[in-house]
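Undergrad: Sequence:
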Amino acid sequence: MKLTLVLLAVFATFAALDSTHAADAKKAASAEAPKAAPKKGEAKAKQDTYPLYGKVVAITSRTLTIVRSDAADAPEVKFTVNASTEYVDEEKPVTIEAVKVGSWVGGSIKKAEGDGNDTVLKLNVGAKQRVAKKGTAKAPKKKAEAKTDAKKKAE
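So the sequence shown is residues -22 to -1, 1 to 133, counted in mature numbering (1 follows the signal peptide of the UniProt record, and there is no 0).
FYI, nobody ran anything at the bench for these hints, they're computed from the structure.
For glycine and all other residues, C-beta sits at the position ideal for the given N, C-alpha and C.
Treat the hints with care, since some could be wrong.
As the list claims (entries may be wrong) - Result set (DSBU-like, lysine-lysine): computed pairs, CA atoms no more than 30 Å apart in a straight line: (1) K70 x K89; (2) K33 x K(-21); (3) K100 x K70; (4) K33 x K70; (5) K78 x K33.
Said to hold, decoys possible - Label-pair restraints from in silico Cβ distances: (6) P53 x T27: 48 to 58 Å; (7) D51 x E75: 23 to 33 Å; (8) T27 x A(-8): 52 to 62 Å.
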């Protein structure tokens, strides 16, 4: 019986030492290989572009003017288009002539370096107009309205 207890104590000691050694090994491995932190230049490069969505007000060979909503007071925004601008209708390539005033477009924009207009990288003329959801939540009824509704139902 004593022999069994001694052997059990020895095995428990080795198990405890082995698990602490494994934890130390994990710490050493993580210290040797630091996480690859994104460089400032790479993170900034990812933020140079942003999405475009709006209704075409005017289009020329150099500029695209859109509004972002159908509201009467929606501000017009101008973007630069150039030879490298890619025009598509969903997946099919098209030309600048496919862009019509009054149509909704989407795409991607590159921020301008300095004070100029932002540049259109890709323009999708097949974008659909976003529609507000019809199933909007109703405002809760006031207590007085709820009581009158309950009385009407009871009658």
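Undergrad: All hints, please: hold or fail.
TA: Against the structure, the hints come out as follows:
no. : hint                    : in the structure
1   : K70 x K89               : holds (25 Å)
2   : K33 x K(-21)            : violated (87 Å)
3   : K100 x K70              : holds (12 Å)
4   : K33 x K70               : holds (20 Å)
5   : K78 x K33               : holds (10 Å)
6   : P53 x T27: 48 to 58 Å   : violated (21 Å)
7   : D51 x E75: 23 to 33 Å   : holds (31 Å)
8   : T27 x A(-8): 52 to 62 Å : holds (55 Å)
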